[in-house]
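So the sequence lines, in the order shown, correspond to chains A and F. One point on numbering: in this note's numbering, the residue at position 289 of the first sequence is 289, and numbering is uninterrupted. With the second sequence counted from 1, adding 1000 to any position gets you this note's numbering.
Where hints are given, some of them may not hold.
[Said to hold, decoys possible] A few chain F positions that, by computed beta-carbon distances, are all more than 12 Å from chain A:
#1 Gly1058
#2 Val1065
#3 Thr1134
#4 Lys1242
#5 Ser1396
#6 Ile1458
#7 Lys1480
#8 Gly1510
#9 Phe1535
#10 Asp1547
#11 Thr1569
#12 Asn1636
#13 Tyr1669
[As the list claims (entries may be wrong)] Below are the BS3-like pairs computed for lysine-lysine, each with C-alpha atoms no more than 27 Å apart in a straight line:
#14 F:Lys1613 x A:Lys582
#15 F:Lys1602 x A:Lys609
#16 A:Lys672 x A:Lys602
#17 A:Lys609 x F:Lys1672
#18 F:Lys1108 x F:Lys1452
Worth flagging that the hints you see were computed from the coordinates, not collected in a lab. No residue lacks a Cβ here, since even glycine has one placed at the ideal position from N, Cα and C.
There are 2 protein chains.
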Amino acid sequence: MRICLSIILFFMAPYLRAENGHELWLRAKNTGEVTIVCSKESPTLTIAKQELTQGWQGKSGAKIVLNIKKDKAIKGDGFKFTENEIQANTELGILYGVYELLRRQQLKQAVKEEISNPSYELRVLNHWDNMDGTIERGYAGASIFWHDEDKGYAVTDKDKSIWREYARANASIGINGAVLNNVNASQLMLTTECLKKVKAIAEVLRPYGIKTYLSVKFSSPSLIGGLKTADPLDPAVIGWWKNKIKEIYSLIPDFGGFLVKANSEGQPGPQDFGRTHADGANMMADALKPYGGIVMWRAFVYEANSKDRACQAYKEFMPLDGKFRDNIIVQVKNGPIDFQPREPFNPLFGAMKKTSVMPELQITQEYLGHSIHLVYLAPMWEECLNSETYQEGIGSTVARTTDGSIFPQKHTAIAGVANIGIDANWCGHHFAQSNWYAFGRLAWNNQLTSEKIADEWIKQTFANGEPSNDWYVNFLAPVKQIMLKSREVAVDYMMPLGFHHIFAPSDHYGPGPWWGPQDVRKDWTPPYYHKADTFGVGFDRTISGSDAVSQYSEPLRSQLNNLQTCPETYLLWFHHVSWSHKMQSGRTLWDEICYRYDAGQKQVREFQKEWDKVQPYMDAERFFAVQSKLRSQSQNVRIWKDGCLLYFQQFSKMPIPYDIERPVYELDYIIKNFTIDKP
Amino acid sequence: MRICLSIILFFMAPYLRAENGHELWLRAKNTGEVTIVCSKESPTLTIAKQELTQGWQGKSGAKIVLNIKKDKAIKGDGFKFTENEIQANTELGILYGVYELLRRQQLKQAVKEEISNPSYELRVLNHWDNMDGTIERGYAGASIFWHDEDKGYAVTDKDKSIWREYARANASIGINGAVLNNVNASQLMLTTECLKKVKAIAEVLRPYGIKTYLSVKFSSPSLIGGLKTADPLDPAVIGWWKNKIKEIYSLIPDFGGFLVKANSEGQPGPQDFGRTHADGANMMADALKPYGGIVMWRAFVYEANSKDRACQAYKEFMPLDGKFRDNIIVQVKNGPIDFQPREPFNPLFGAMKKTSVMPELQITQEYLGHSIHLVYLAPMWEECLNSETYQEGIGSTVARTTDGSIFPQKHTAIAGVANIGIDANWCGHHFAQSNWYAFGRLAWNNQLTSEKIADEWIKQTFANGEPSNDWYVNFLAPVKQIMLKSREVAVDYMMPLGFHHIFAPSDHYGPGPWWGPQDVRKDWTPPYYHKADTFGVGFDRTISGSDAVSQYSEPLRSQLNNLQTCPETYLLWFHHVSWSHKMQSGRTLWDEICYRYDAGQKQVREFQKEWDKVQPYMDAERFFAVQSKLRSQSQNVRIWKDGCLLYFQQFSKMPIPYDIERPVYELDYIIKNFTIDKP
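Excised from the complex, chain A in its bound form (with noise of 0.2 Å):
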């Protein structure tokens, strides 16, 4: 019977509706009539309504008023909302308030009287994309906001179709702001003839609640404005920018302000010219300060011969607390590194509390298997913000220290790197977009758990219709098993227990361990890194290491210093430690390093059968496109597996234990396959 019933499903499916994503996770649509009351006109109320109309699932012939109304409970554009009725302070507040009631009624959740604020005040995407068209880090096809050389500045009714089912589907997860270019900034980007482009994308943008964002170029007052110095301290330089940012505001009136990346891999800043990050930061808040505009002003620094790069943010950034604007956000990267599979907190959080801090996450999956695996990164998001820093005491936990919970920030904020291409998907991968939709999620409410999140994603992405108890069953349930396992076991077959940046160079996409060719600086090759030798593996941070644990606050730094108590989540982050190292398994740590990289493959393996399962279940195009790169995602777990275990090994010298699968690639081979000669 059971046979039976399987091959019935394999056959139905490939005639269950085939589709490519392009919809994401707004597929609702109307099962009733819905009498909209609203006495304001605007644009944002005429896309509140069109949506309610069109996704109105609730009781039909019902009646919902939209009102504006100011109330002290609601802050910015949060909302509060009944079966019958949206308030809000701003017109945006009730259009976030249409997209959650809309939710509520496709997830079938009942509709009590309820206010929902936001955790920060600037939820924003970051897209790192070049003015060429690439997007760096991207993954998902071209830049949806620029062309290549032959398209130029032109703007097609296509391009702002585009523009504005991206603008529509950021509103309704709560997005209200973009960068559109790249922290390693053009200054092409500040020309006339440019920024009139980004008047037509901010004019399609800002009926969505979206603000416009620019990354700008340190010094692009030489590089466009013929000044010879960029100096920050120099009136000509200050006149440049002043006089920059009145044009962008004449044609942007809401334009949001800038994105920095200074003195940081090669790109220009404010220490070129002998000044301090807040010298810099503070001429252009000066500049933006009569226009509402802010700088967020990038802390991901580190020096070339820096002894340990992890240190080096709080080193630089910690002396210059209290000396930014107050309309500077100091844009924080979750850890110390650089968007590592799994990273401790950046010990900036918390620890600059006379500064407006912003973590800066990454969607788009650099470092977590691009647009191939599938890999849900709500949990690894959500691990950061729960991180307790203890430093204003117990519950001083990320997300507290930066959402204005805490400290008395001027403005609280949180970037997402963006994963969003022009590809018919967005984002490469089916399941890449439940990152864009957690991220904004997240940005709303920093206390959402990522098991509700994805639970909300499935119904909206997958769910067609009125489904089944079996879809519950046999989808949803083992779907979102999949997700909430899949960060961990990303973790597991790439760098588990703390290893970190043993990728492949440039591309950052399979394991490179061995990579270190002496022409290339040390913090860019993964042997400063890892620092295997014949005692053990790890970086040693602790007190008579590199002492990164002392920009922890206690007790953390402690427990951190110590390697009895140090989790063991990020043991060869802290430590240097013996291969033999009894585990809390009671497993050597080279035993213990072997058994997590087997995991790490047979969970994959796994998540590529409870996937086989579910086809009977959803249409047959996303499927087979997750089938697809579900194998691949095998495939390089293998490569992961088998180069990590041989290269490691052979400091080891200990064998893999006999009931793990053995490797079927030498060790050479990877080597020369699946490593790119320079960074």
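Using the hints, position chain F against chain A.
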């Protein structure tokens, strides 16, 4: 403690003696003095004495008598031996007795009085060596006999040294003949210049009792003889062959005879002139008769447009039974198709009752993973030799119908297509040496079990001096199990349940069930053999199909013809079976196919584990070489499994059972990367 031991052993391994495998199974060093009494002198007896002196492991100071004395109980080059005496009819019998005595000593087996007679009179290697030094289906480097054009027919001391080692290895296992060149023969083989080189080879092989044979091209009289025809009934042609044979015997007085592939796969033959195979073979046999030479005439024939290639040889040769001269032996491949991983026995065995018939086995692994896969072939040959033909009632096994037990053949013989090349380890894969060894041992005694042969081979090849008890438990036992399972495992992961010839074209290495271009003769394409369609899969050879079953004797014919009684190992060989046919396991055919491929994959992974564990018990060089080959094999198995399951799933339209590890490759990728376009 277990861990510590592992570590110590892991470290130790590299310090064990490294070696390249060139010594084969001939590693015995003398451990004591021996006095040899022998009243005669000859090159062969000199070798016998040298071997005894070099390899003596019996009581030190013992005396042994080599006694050439007729004894009716001793047949051909057989021998009688005790601890102190070897008696034989011939010098070669003495040499064989010496090798057997030394083997018993090395295997620590007691020696009682015993007679050992060979199962077959002629125990011949067929070298498919081309005269340019390449080897058809050779995977161990170039020919040891022939060089590329630059060297031509030159004979160096190094050549002679290799030939001597080769002859010694053959003699040690009882092989007494070698066909020096490819059955797809060049006419140049019979030129005087070339025959002089053959003479040089024969002189080196002679003292070891290896007779020299040549493959000849049937059209040689016209190609190099200046005649207008090669018609076997043409007096000029007959004259040409007589003269050529006379010339050969003037150079090589003990020349063995010819091997002929005629009217097969484009080779010329008597049918080109309206004559039969018997006409062609008899002409040559008559010319060879005066010198004691024989003709081995191959039955491997099939027409391009045959309805069933498997029926062809029987159809062509059965009418000729009784028409061949008594110095002709018809050489019949073990199965009716072509050295597949599993075939039913060739129906000519036992059916040709008035003709000498010899089995042709393939030692080189054309269809069994070349020199990459570890596949011990003795179980396959044992299976064939022990197959009941029922042609003369119960007990008419393939072995007994070919070794003279049942039919009064003038000559008995067995041939093995060699896997020998110039590589240091002779056979490419260290374990491929076991197949050379096993062929020799089975040719001498076709009742030996593959288990006993494996035991002998492992001990002689890997035991170093006096092995410890640990070695028996942790090396001999698991390695023997790997060997004994290896062929059934290969069947599982390549072509279980009677699948056959679904190989990639040309190289016959990877899977190619999909390969069937329109412009290629159908019987060279896999779909001709598997006949997959939406109903099912397999070749209908029942009486309502091609009727190949009727070439077998009752009760076998009826057993094979009936879907319910046909052994599942041959199911798809004889039947076109519904995908949902219920197998003995209770599974559907489709599921059973899936589980078989999966079982093959799991087993190869187990082999890898078992092999990795033996590292402490052997030399590093061979350990790592085999480890590396097993890794490649494991990769290949993945291609086989994914490729075959995804391909056949297109017909079955049934899901791969969900407890089976999912494919990691796309079918298109495998087709593109693992199929060669033209045969």
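To test your reading of the hints: which numbers does this structure violate?
As far as the earlier hints go, 12, 13 are violated by this structure, in ascending order.
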